[in-house]
Amino acid sequence: MVPAYPLGSMLAAVAVVCLELLWLRTGLFRQPAYWLSMLVVFVFMVPVDGWMSKVPNPIVIYDPDVLSGVRFPIDIPLEEFVYAFAMVTLAILLWERAGRESHPAVAGRRTCGDRIVSRKENTMGAVTKYIRIDAPPQQVYELWRDPTGYPEFMEDVNEVEQRGDRWHWKVDGPAGIPVEWDSVIVEDIPGEKLAWKSVEGLSNAGVVRFDDRGDATDLEYAIEFDAPAGKAGEVVAKLFDDPESKVQRALESFKRLVERDARPRPDSRTEVDAGEASPQTGKVA
Amino acid sequence: MGKYEYLALLAGCVVLTLPLEFVFRARVWRRPRRALRALVPVVLVFGTWDAVAIALGHWWFNPRFVTGTELPPGLPVEEIAFFVVIPLCGLLTFEAIRNLLARSQTRR
Numbered sequence: 001m002v003p004a005y006p007l008g009s010m011l012a013a014v015a016v017v018c019l020e021l022l023w024l025r026t027g028l029f030r031q032p033a034y035w036l037s038m039l040v041v042f043v044f045m046v047p048v049d050g051w052m053s054k055v056p057n058p059i060v061i062y063d064p065d066v067l068s069g070v071r072f073p074i075d076i077p078l079e080e081f082v083y084a085f086a087m088v089t090l091a092i093l094l095w096e097r098a099g100r101e102s103h104p105a106v107a108g109r110r111t112c113g114d115r116i117v118s119r120k121e122n123t124m125g126a127v128t129k130y131i132r133i134d135a136p137p138q139q140v141y142e143l144w145r146d147p148t149g150y151p152e153f154m155e156d157v158n159e160v161e162q163r164g165d166r167w168h169w170k171v172d173g174p175a176g177i178p179v180e181w182d183s184v185i186v187e188d189i190p191g192e193k194l195a196w197k198s199v200e201g202l203s204n205a206g207v208v209r210f211d212d213r214g215d216a217t218d219l220e221y222a223i224e225f226d227a228p229a230g231k232a233g234e235v236v237a238k239l240f241d242d243p244e245s246k247v248q249r250a251l252e253s254f255k256r257l258v259e260r261d262a263r264p265r266p267d268s269r270t271e272v273d274a275g276e277a278s279p280q281t282g283k284v285a
Numbered sequence: 001m002g003k004y005e006y007l008a009l010l011a012g013c014v015v016l017t018l019p020l021e022f023v024f025r026a027r028v029w030r031r032p033r034r035a036l037r038a039l040v041p042v043v044l045v046f047g048t049w050d051a052v053a054i055a056l057g058h059w060w061f062n063p064r065f066v067t068g069t070e071l072p073p074g075l076p077v078e079e080i081a082f083f084v085v086i087p088l089c090g091l092l093t094f095e096a097i098r099n100l101l102a103r104s105q106t107r108r
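Taken in order, these protein sequences are the chains called C and E.
Numbering-wise, our numbering puts 263 at position 263 of the first sequence, and it's gapless, one number per residue.
Numbering-wise, our numbering puts 69 at position 69 of the second sequence, and it's gapless, one number per residue.
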């Protein structure tokens, strides 16, 4: 019969693997970063666990009957590695799960390659869309953080100018008449979240979240707008006509832009640029 | 170190992995709520297992190296700390490596 400790460790490992495959489905086991991390964890486990189980002065003392009897390396019971695999993997799985749940509509869903991950119903004056982009969140954030690039992927937007802490929008209104308004950033967490709201003119507010999926980013874009009466109402009606597909097209164009930028190029941005760029840098193309 | 040896070992793990938070921008300590949601179940599951194993006499701790402080149901405080510290080190390692891989890909 298998002694208690190796048996318990193996059962724990199997339980954790089943938890991922059958329930959590975070995709963790497909991430190279995870397997590399486990390797690093095992390497650093040797001095730590070696210290704890060192004969003749161990911190933790095992009843020999519960052990497999194989101690390697140093005096570490070999099954400790299975135990560590189960414990650390459980923590990372729950960490991934908790990260995903901050995006309610993405929670619990499998990824769908390049497709839009999920969509919410269009409620009154609000649209939420998700898209997966094959680039790290910091890089996606950098491009989104620079509003001067918006006309490249938002079809009605002619120009966005940075004026102090405000963004000044110029958009094609009904009958080609330009409409302008200002917005301000209300929340800016590099690599994670960017939220803005209008301060003058058309009333609208939005948030973009960048969810780290390893080599990819799940982008959530949510926008709300008021439809006032009169001329402004016509503008809104035109701008936000069929907002679902408009936003979708914008996000798909944005995805192409980012991924074009992420492709190997001699002049592609360096790690320093991608990490600490100011809002003025990182201009799209 | 004597009775604080086990705690000191865990403190060493915390100190050694702390740079990952900043140098490789692991952002685990700075996302405490998410970290709690990952760590609390680990402490509960592995703490329960630990308490049962200790009660059954499967393993115990050298009184020379532990403080002797125990929480019900008979868990040394060092073990609770272990179930927080080691998974935390794992999370920091994972986030740091993921950032490194993502960045190296960006550069290519």
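Treat the hints as calculated values from the structure; they're not laboratory data.
Take these hints with a grain of salt, some might be off.
[To be verified] From the structure, some residues in chain C lie toward chain E, with a derived Cβ separation under 8 Å:
(1) 1
(2) 4
(3) 5
(4) 40
(5) 41
(6) 42
(7) 43
(8) 46
(9) 50
(10) 62
(11) 64
(12) 92
(13) 99
(14) 259
[Stated by the list, open to error] Derived CB-CB ranges, DEER-like:
(15) C:36 - E:16: 32 to 40 Å
(16) E:16 - C:178: 52 to 60 Å
(17) E:52 - C:252: 36 to 44 Å
(18) E:63 - C:72: 23 to 31 Å
(19) C:184 - E:29: 54 to 62 Å
(20) C:253 - E:72: 55 to 63 Å
(21) C:244 - E:77: 48 to 56 Å
(22) E:67 - C:15: 29 to 37 Å
(23) C:189 - E:63: 43 to 51 Å
(24) C:189 - E:11: 26 to 34 Å
Glycine included, each C-beta is placed from N, C-alpha and C at the ideal position.
Each hint tested on the structure:
Given the 8 Å rule on beta carbons, the hint for residue 1 (chain C) is violated: about 15 Å separates it from the nearest Cβ of chain E. Among the interface hints, the one on residue 4 (chain C) holds; its C-beta lies about 6 Å from the nearest C-beta in chain E, closer than the 8 Å criterion. Checking residue 5 (chain C) against chain E: minimum C-beta separation of about 7 Å stays under 8 Å; hint holds. At about 5 Å, the closest approach between the beta carbon of residue 40 (chain C) and any beta carbon in chain E falls short of 8 Å, and the interface hint on this residue holds.
Nearest Cβ of chain E to the Cβ of residue 41 (chain C): about 5 Å, under the 8 Å cut. The hint holds. At its closest, the beta carbon of residue 42 (chain C) sits 11 Å from a beta carbon of chain E; the interface hint therefore is violated under the 8 Å criterion. Evaluation of the residue 43 (chain C) hint against chain E yields a violated restraint, the C-beta minimum of about 10 Å exceeding 8 Å. A cut of 8 Å between beta carbons decides the hint on residue 46 (chain C): the least distance to chain E is about 13 Å, and the hint is violated.
Interface restraint check: residue 50 (chain C) against chain E, minimum CB-CB distance 11 Å, threshold 8 Å, status violated. Interface restraint check: residue 62 (chain C) against chain E, minimum CB-CB distance 5 Å, threshold 8 Å, status holds. Taking 8 Å as the C-beta cut-off, the interface hint given for residue 64 (chain C) is violated, the closest approach to chain E being about 11 Å. Of the supplied interface hints, the one on residue 92 (chain C) holds, with its beta-carbon coming within about 5 Å of a beta-carbon of chain E, less than 8 Å.
Checking residue 99 (chain C) against chain E: minimum C-beta separation of about 6 Å stays under 8 Å; hint holds. A least Cβ separation of about 12 Å between residue 259 (chain C) and chain E goes past the 8 Å threshold, and the interface hint is therefore violated. Our hint of 32 to 40 Å for residue 36 (chain C) and residue 16 (chain E) is violated, since their Cβ atoms are close to 18 Å apart. A C-beta distance of roughly 58 Å is found between residue 16 (chain E) and residue 178 (chain C), which places it inside the suggested range of 52 to 60 Å.
For residue 52 (chain E) and residue 252 (chain C), the hinted distance range of 36 to 44 Å is not satisfied, since their beta carbons lie about 53 Å from each other. Taken as a hint, the range 23 to 31 Å holds for the pair residue 63 (chain E) and residue 72 (chain C), whose Cβ atoms sit roughly 27 Å apart. Our hint of 54 to 62 Å for residue 184 (chain C) and residue 29 (chain E) is violated, since their Cβ atoms are close to 30 Å apart. Checking the proposed 55 to 63 Å range against residue 253 (chain C) and residue 72 (chain E) shows it holds: the Cβ atoms sit about 59 Å from each other.
About 55 Å separates the C-beta atoms of residue 244 (chain C) and residue 77 (chain E), a value consistent with the hinted range of 48 to 56 Å. Range check, residue 67 (chain E) to residue 15 (chain C): Cβ separation about 32 Å, and the 29 to 37 Å hint holds. For the pair residue 189 (chain C) and residue 63 (chain E), the supplied restraint of 43 to 51 Å holds, since their beta-carbon distance comes to about 47 Å. Evaluation of the 26 to 34 Å hint for residue 189 (chain C) and residue 11 (chain E) yields a pass: the beta carbon distance comes to about 30 Å.
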